[in-house]
Amino acid sequence: MAESIQNTVDRITAFITQNYTDVETGPGSVLSELLIKLAATIQNEQYNRIAEISQSSSISAAKASLTDTYSEAIDKIASNYNTTRSSGAKAKGKIKVTISSSGDYSFREGFIFTQSALNLNFLVTKDTLVSLDPSAVLEEIQMYASQGLYYFILDVEAEATGEDYQLASGTVFSIPEKYYIRDFVKAEAYGNFSSGASPETDKQLLAKVKSNLSNSKLESESGIASKFRDTFAGFQALSVCGANDAEMLRDKNNILGIATFGKADVYVRSSLALETQQVTKKGTLIDPEENLWQISMLNTDAPGFYYIQSIAPKTADIDYGGTLVIKNVNFGYALYFNQRNNEIPSIAAARFSKYQTAEVTFTYEGPPGETEHDFEVNTLGQPNILEMQDLLLLDSQRLACADYLVRAVVPCMISLKINLVKKNPVDTFESLNLQQLKKDIFNYINTLPFGDQLHASNIVKLCHNYDIKHVDLPIEMTGQILAPGGEVIYVNDNDSLTIPYNLTSGVSPKTVGYFIDYYRIEDGVTQPVDNIGINIS
Amino acid sequence: MAISGVSSDYTGRLKDISILQSPDATLVGPQDISITFGKTAKFCAGVQKLIQKYTIILLSNIGSQPNYADFGTSFMATIKAGISPVDKLAATQIFAAASYKAVTTLKNYQIKNPQLPLDECIARAELYRISLYNSFVAFDVKIYTDAGDVIKFLVPLPK
Chain A
1 MAESIQNTVD RITAFITQNY TDVETGPGSV LSELLIKLAA TIQNEQYNRI AEISQSSSIS
61 AAKASLTDTY SEAIDKIASN YNTTRSSGAK AKGKIKVTIS SSGDYSFREG FIFTQSALNL
121 NFLVTKDTLV SLDPSAVLEE IQMYASQGLY YFILDVEAEA TGEDYQLASG TVFSIPEKYY
181 IRDFVKAEAY GNFSSGASPE TDKQLLAKVK SNLSNSKLES ESGIASKFRD TFAGFQALSV
241 CGANDAEMLR DKNNILGIAT FGKADVYVRS SLALETQQVT KKGTLIDPEE NLWQISMLNT
301 DAPGFYYIQS IAPKTADIDY GGTLVIKNVN FGYALYFNQR NNEIPSIAAA RFSKYQTAEV
361 TFTYEGPPGE TEHDFEVNTL GQPNILEMQD LLLLDSQRLA CADYLVRAVV PCMISLKINL
421 VKKNPVDTFE SLNLQQLKKD IFNYINTLPF GDQLHASNIV KLCHNYDIKH VDLPIEMTGQ
481 ILAPGGEVIY VNDNDSLTIP YNLTSGVSPK TVGYFIDYYR IEDGVTQPVD NIGINIS
Chain B
1 MAISGVSSDY TGRLKDISIL QSPDATLVGP QDISITFGKT AKFCAGVQKL IQKYTIILLS
61 NIGSQPNYAD FGTSFMATIK AGISPVDKLA ATQIFAAASY KAVTTLKNYQ IKNPQLPLDE
121 CIARAELYRI SLYNSFVAFD VKIYTDAGDV IKFLVPLPK
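Heads up: the protein sequence lines correspond to chains A and B, in order.
Mapping to the working numbering: the first sequence position 523 is 523, numbers consecutive.
Mapping to the working numbering: the second sequence position 87 is 87, numbers consecutive.
Keep in mind the hints are simulated off the structure, nothing from the lab.
Backbone N, C-alpha and C fix where the C-beta goes; we use that ideal spot for every residue, glycine too.
Misleading hints may appear alongside valid ones.
Per label pair, the in silico range of CB-to-CB distance [stated by the list, open to error]:
(1) A/Arg49 to B/Ala90: 44 to 52 Å
(2) A/Gln436 to B/Ala90: 53 to 61 Å
(3) A/Ala14 to B/Lys107: 20 to 28 Å
(4) A/Asn19 to B/Lys112: 17 to 25 Å
(5) B/Tyr144 to A/Asn19: 32 to 40 Å
(6) A/Ser457 to B/Lys112: 49 to 57 Å
Pulled from the structure, derived: some chain A residues nowhere near chain B, Cβ distances all over 10 Å [to be verified]:
(7) Leu31
(8) Glu33
(9) Ser198
(10) Lys281
(11) Ile326
(12) His464
(13) Tyr466
(14) Lys469
Work the whole structure out from these sequences, hints included.
Written out as structure tokens, the structure reads:
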């Protein structure tokens, strides 16, 4: 424990007065001013340095600590093993700001938008000018007209690092009192925000050192996880299904239908919650009578995405709200020309991998005679699927005798309804700090490891960290599993949610991960319903 | 440091090392002084120790000690910056502010250490004469102790 300068002075003074009982040590005395204070200045630094090294180099002490610690000495120890601490990451995203009048707007870097229900702040990332007629040279951004209103989209990032900041598309923001936007109507998240991450604690760093020491090759689950953790910010976990695993069906793709080994499917959770990826695609009118249009999502457009959240025409004067009506999505797959590819026996096997493609048909009533148009397509999925797969296919890294296919983890989207009973009638959502409870639940569910069950009792435990009387049981927990085969499997329970075994659909506890967003999104529009619904009575 | 008219039995007192062995109070006019352990080491106790502590605090430049930014006064720094040889009021004010700080420091210690002998406890310090010349300044000070002693002494100012 660190010693203050006064502690050191007291220690030296005590030593002197005990050994030389007739010596004056008060302020202004020669011993105090010429000896004790100077000695204390030197000793204090040395004492604290030794204490720090002694405390922090004790790896067992760091691991036993009940609180999160961030010791510089552990950093130095880790650096000896070529391991560095992740300093965390801030969630990033876009906010759509709607206003009631046109005109030029300017935003200073650091302008704040607040999500008041969660008490989270997001900052504009750079000085930004908005105009109906933007100048490319000045990097101004476009203001769009929409049904009598106007809107523009700003890049923002979270005020601090941490997982809590990953918000879902449509989440509503307000403007703090000291900030002002002329003729402001509303502000909302435009697409899901990217994952944030907290800085690694000493415990996590030590675990990484251990993992790096034992796993430097991409041959085991922990070896691959270690490599991914070092390479991809936000990586969470993975599960490998290989030889003799019931989930491994890809190695039975032969005339006899027997396992030939040498293949493994790597189910990756590369972000805490789902992330939005936006691409601009050219659509083609395929049925003028039905106003039916089609776009082709290539394997490089949004590799391994789960589903299409919204499609909107790229135009400056029409706003369709959430999304055009999507009629059909036909998934397929395509290998990469002139590159090493995995063996893909079926469309289902390619789902959520970098090989996945899709033909999307939707209705859109464009200008008469128009047969092609640009559309903004928002997909939801996991980041870095393509990069992770490419890493496992690198000649210098890959296991030559095996075929490792990277797939985004099968998502089980959770929603909860929790009823809390107040201890004090005057308590409110804010006074009980239930915004933080939402964040706690968000983190708990999004970090559940593969194969784990989602227990209501653990959520009750989290609730009791707050000053409430009790949790009104049961807690309604529902989950939707988006199976690689295309079907949606529903699970619900009041005690514990368990991932079922449905191997032909690619669903098992080894392939599925739990996800929860703060708000529910349906048909590209955020609903006025919380995924983490908390009522207090 | 020369003081006169005080004698006491200092047996059993806490001793400090005497480093203020000048100026000579019996001489008139400026004298060279230096804060030194002296040719022969001496101890001091009682009022002499009190005056030495008061002087060290008064003459230590505030901010000059690492980790003790608040120790000392701005007395020396202000005097060295120069004062008008005719502006006794300014000199008095400079001294009064610094002296108050030195006395307060000592009193805070006295409050925490009630066992201190009364003649080692300062009650107040008073400037009773100030001499301003073109090249030097002299402050004659009276120190009042809790025992009722009144000691006059000349604040030693380094050239």
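Hints and how they fare:
1. Between A/Arg49 and B/Ala90 the C-beta distance comes to about 47 Å, which sits within the given range of 44 to 52 Å.
2. Here the CB-CB span from A/Gln436 to B/Ala90 is close to 59 Å, well matched to the stated 53 to 61 Å.
3. Between A/Ala14 and B/Lys107 the CB atoms are about 23 Å apart, so this pair conforms to the stated range of 20 to 28 Å.
4. Range check, A/Asn19 to B/Lys112: about 22 Å between beta-carbon atoms, so the 17 to 25 Å window is met.
5. Range check, B/Tyr144 to A/Asn19: about 34 Å between beta-carbon atoms, so the 32 to 40 Å window is met.
6. The hinted range of 49 to 57 Å is satisfied by A/Ser457 and B/Lys112, whose Cβ atoms lie roughly 55 Å apart.
7. Non-interface call for A/Leu31 relative to chain B: violated, since the shortest CB-CB distance, roughly 7 Å, does not exceed 10 Å.
8. Annotated as non-interface, A/Glu33 brings its C-beta within 10 Å of a C-beta of chain B; the closest such distance is 6 Å.
9. The Cβ of A/Ser198 sits about 35 Å from the closest Cβ of chain B, beyond the 10 Å cut-off, so the non-interface label holds.
10. Remark: the non-interface label on A/Lys281 is consistent with the geometry, its nearest Cβ contact in chain B lying 65 Å away (cut-off 10 Å).
11. Its beta-carbon lying about 68 Å from the closest one in chain B, A/Ile326 satisfies the requirement of being farther than 10 Å from that chain.
12. Separation of A/His464 from chain B is adequate, the least Cβ-Cβ distance of about 45 Å exceeding the 10 Å criterion.
13. Every beta carbon of chain B lies more than 10 Å from that of A/Tyr466, the smallest distance being close to 42 Å; the non-interface claim holds.
14. For A/Lys469, the condition that its CB be more than 10 Å from all CB atoms of chain B holds, with the nearest at approximately 49 Å.
Checked against the numbered hints given earlier, the structure breaks hints 7 and 8 and satisfies all the rest.
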